[in-house]
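**Q** Taken in sequence, the protein lines are chains A and B. Numbers 1 to 241, taken from our numbering, label the letters of the first sequence in order. Numbers 242 to 584, taken from our numbering, label the letters of the second sequence in order.
Hint data in this document are derived by calculation from the structure and do not stem from the laboratory. Don't take every hint at face value.
What the hints assert, rightly or not - Simulated DEER-style distance windows between Cβ atoms:
1) B/Ala438 to A/Ala146: 38 to 46 Å
2) A/Ala71 to B/Arg558: 42 to 50 Å
3) B/Arg393 to A/Asp231: 46 to 54 Å
Think of the CB as a built atom: it goes at the ideal place given N, C-alpha and C, for glycine as much as any other residue.
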Amino acid sequence: MDDFRILPAADSALVIEFGSAIDRKTSDRVLALAETLTQAGLPGATEIVATFRSLSVNYDSLLTTGRELEAAIRALVQRSGTSSQVRQLWDIPVCYDPSYAPDIEDVAKTAGLTVAEVAALHAGTQYHVYMIGFVPGYPYMGDLPAKLRLPRRLDPRTRVPPGSLAIATSMTAVYPYESPGGWHLIGTSPVRFFDPESAKGALLGPGDAVKFRAVTAAEFSRIRLAVERNDYVPGHTEIAA
Amino acid sequence: MIPVLKVIAPGFHTTIQDQGRRGFQHVGVPVSGALDRNGYLLANALAGNTPNAACLEIIGTGPELEVAGSSVRIALVGSGGGLEIGGRDGALVPSGQTARLSRGEVVRVRLGGDAFCSYLAIEAGFDLPLCLGSRSTYTRAGFGGFAGRPLRSGDMLHGYADDVAARDEVAFSEPRSLGLDQAIRVVLGPQDDYFTATAIADFLQGRYGITPASDRMGFRLAGPLLEHKSDYNIVSDGIVAGSIQVPGSKLPIVLMADAQTTGGYPKIATVISADLPVLGVRGAGRTVRFQSVSREEAETIRRAEHKRLMSVIREIRPATAKGISLDALYNQNLIDGVVDANV
Numbered sequence: 001m002d003d004f005r006i007l008p009a010a011d012s013a014l015v016i017e018f019g020s021a022i023d024r025k026t027s028d029r030v031l032a033l034a035e036t037l038t039q040a041g042l043p044g045a046t047e048i049v050a051t052f053r054s055l056s057v058n059y060d061s062l063l064t065t066g067r068e069l070e071a072a073i074r075a076l077v078q079r080s081g082t083s084s085q086v087r088q089l090w091d092i093p094v095c096y097d098p099s100y101a102p103d104i105e106d107v108a109k110t111a112g113l114t115v116a117e118v119a120a121l122h123a124g125t126q127y128h129v130y131m132i133g134f135v136p137g138y139p140y141m142g143d144l145p146a147k148l149r150l151p152r153r154l155d156p157r158t159r160v161p162p163g164s165l166a167i168a169t170s171m172t173a174v175y176p177y178e179s180p181g182g183w184h185l186i187g188t189s190p191v192r193f194f195d196p197e198s199a200k201g202a203l204l205g206p207g208d209a210v211k212f213r214a215v216t217a218a219e220f221s222r223i224r225l226a227v228e229r230n231d232y233v234p235g236h237t238e239i240a241a
Numbered sequence: 242m243i244p245v246l247k248v249i250a251p252g253f254h255t256t257i258q259d260q261g262r263r264g265f266q267h268v269g270v271p272v273s274g275a276l277d278r279n280g281y282l283l284a285n286a287l288a289g290n291t292p293n294a295a296c297l298e299i300i301g302t303g304p305e306l307e308v309a310g311s312s313v314r315i316a317l318v319g320s321g322g323g324l325e326i327g328g329r330d331g332a333l334v335p336s337g338q339t340a341r342l343s344r345g346e347v348v349r350v351r352l353g354g355d356a357f358c359s360y361l362a363i364e365a366g367f368d369l370p371l372c373l374g375s376r377s378t379y380t381r382a383g384f385g386g387f388a389g390r391p392l393r394s395g396d397m398l399h400g401y402a403d404d405v406a407a408r409d410e411v412a413f414s415e416p417r418s419l420g421l422d423q424a425i426r427v428v429l430g431p432q433d434d435y436f437t438a439t440a441i442a443d444f445l446q447g448r449y450g451i452t453p454a455s456d457r458m459g460f461r462l463a464g465p466l467l468e469h470k471s472d473y474n475i476v477s478d479g480i481v482a483g484s485i486q487v488p489g490s491k492l493p494i495v496l497m498a499d500a501q502t503t504g505g506y507p508k509i510a511t512v513i514s515a516d517l518p519v520l521g522v523r524g525a526g527r528t529v530r531f532q533s534v535s536r537e538e539a540e541t542i543r544r545a546e547h548k549r550l551m552s553v554i555r556e557i558r559p560a561t562a563k564g565i566s567l568d569a570l571y572n573q574n575l576i577d578g579v580v581d582a583n584v
C-alpha cells in the first residue's frame, strides 16, 4: 500500500500528501518530489508548491486532465529518491537587543533562561526552510531547540513590523512585511526577505538552510543602510541537500 | 511611455489586473489577476487585444477618466451600465461595446449594479512594468499594477498607442448573462474527511450569503454552520483560488484571486475552475448554493465553458451607437424592406 495519497483540489490542483507530520524526513521527501516533477516537466502543470508534508501540483484543465496528471505523478513518486539539488546555507544577521525584540524578556522568563541565553540558543542552531507561505517570502524554519518551543501568543498583534524575527511551536520565521501575527518577537533582522523587483522574489526558498548571527544595534543600522542602497546580500554558501 | 488616460476620480476600488502571476506561489506570492476571468477576457477581446493585456478591474463605484492621448478606444464589460461620455449623465455607450474617444474627452464608468467587478480594456493595453511576470496589482504587499495600489485621483495611465484608427465600433451580439442564480459547482475535498456527514449535507443543501467582509482575498459566507469531526487545524498546505476553508467559526471562506498561498484550516471543497468567474462576479449581499460534481465533470464543464466563451468572442459584431448589430439591421431591411438604407 502507498504511504502517500493524491487528493483533488477540483480541476485546479492535485495534492500529494505524505502523512501529517512536520519533520525533516517528510520535508525532504516533499522537496525531492518537487524537484523530480519539475525536471519531468509535466504537460499542463502550471506550478508546484511544496509545503510541510504535501505538494500541490497546479494545472490548467484545458491543457491536461487530473487523471493523466495523476498517472504521471504516481509513476514518478515511486522513482523519486532523495534530493540532489545543491542548497544554500544563509548567514542572517539579527539584533536580539530587547529594544529590537519586544518579547525576548518574556520568552526568557517562560523558558527559565537569560536573554543572552535565548539569543545564543536561537543563533546556535541551523534551521531548515520547510516552506514559504502566509505572505510573500515568509519562511517557516525549524526546528527550534526544545527549550525555545512555546505556544503562540494568546493575543496576536494586529501589526508586526517588517524584519521581526519570531518563534512559535517548533518554528522560527522573519516577517518580510508588516502584517498581523501571533508569534513571539525575539529580534529584528535588517535583511530584505522579499523584493518584488528581483528575479526570484524571495531571498529564501524551500530546502534552504539558515543560521542567524547576533549583531549589535550599531551593526544593524550599518547593514540596514546598505540594504536600503541595494548594496547588501547576506552571506551564503552551497551545501549538499 | 504614452499617456492615455488621466484619473479624475478613482472609484471605490479600481486596480490593474491581468491573467495573474504564475510561478511564484512556492515563495508565497498569490496569483492575483482578474476575479472574473471571463469578463476580463471579453473586455480584451472587444478592444482587439491579446488575452493577457492589462485591464482596469472596477469594484464598487466606477472611475472618471480623461483621455490624455490623441485618441483611445475603450470597452467596459460588466453588467448593465456603460461609459458615460462627457461625465455624469453623458451619452451612454453600453457595457459590451467599444467607444473611440479623443484627447480631453471625459468618460465616467457607470456600473449596472449586478456585477461585483467590471473590466475596462483599452486598445493595445496599458503600459506598465511587469512585476514577477505579471501586471496584476497585489495591494496587500504593495506590488504590481500601478504602484502596487488602487488608482487615485491624478494618476496618469500609460498605453502602447497614442492614436487609434477610426473604424466600426464593435459589440457583443447578445447581452451577457452573469448566472447569478446558478449553483456554484464544487469538488469535495481535499479535506472533506475533517467534516461530519451532517456538515457535508448542510454545506451542499444550504444557501449562503456573501458577507460585506469579503474582498479579493476571500469571500466570507454566512449560513449553516459546518461541524468539524474534531480538529479544525491541519498542517498548513497549499491553497488554490476556489479553496473553501472552514476555520473554528464553522463558517466557510471561499479563497479568491489574492488568496494566501498556504493555509492551516481544512478545506471542505474546491470551486471548479469554470465557476470561479461566476462566483467572482457576485459580491457582498448575493447568495451562493453549492453543488457537488466529480473532477472529471469539472474538466468537461471547463472545456464546454471555454468553447462557449470563444463563440461569444467570435460573435463580436459591428455596433451602432445604440448597441444594435448592423448585421441584424441589414437582415431586417432585406426581409421587410421597411428601413431606408439612407436613414
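**Q** Next step is simple, just say for each hint if it's right about the structure.
**A** Okay, the hints, checked on the actual structure:
Between B/Ala438 and A/Ala146, the C-beta spacing of about 40 Å keeps the proposed range 38 to 46 Å intact. Distance hint check for A/Ala71 and B/Arg558: the Cβ-Cβ separation is about 44 Å, which falls inside the suggested range of 42 to 50 Å. The hint said 46 to 54 Å for the Cβ distance between B/Arg393 and A/Asp231, and at roughly 32 Å that hint is violated.
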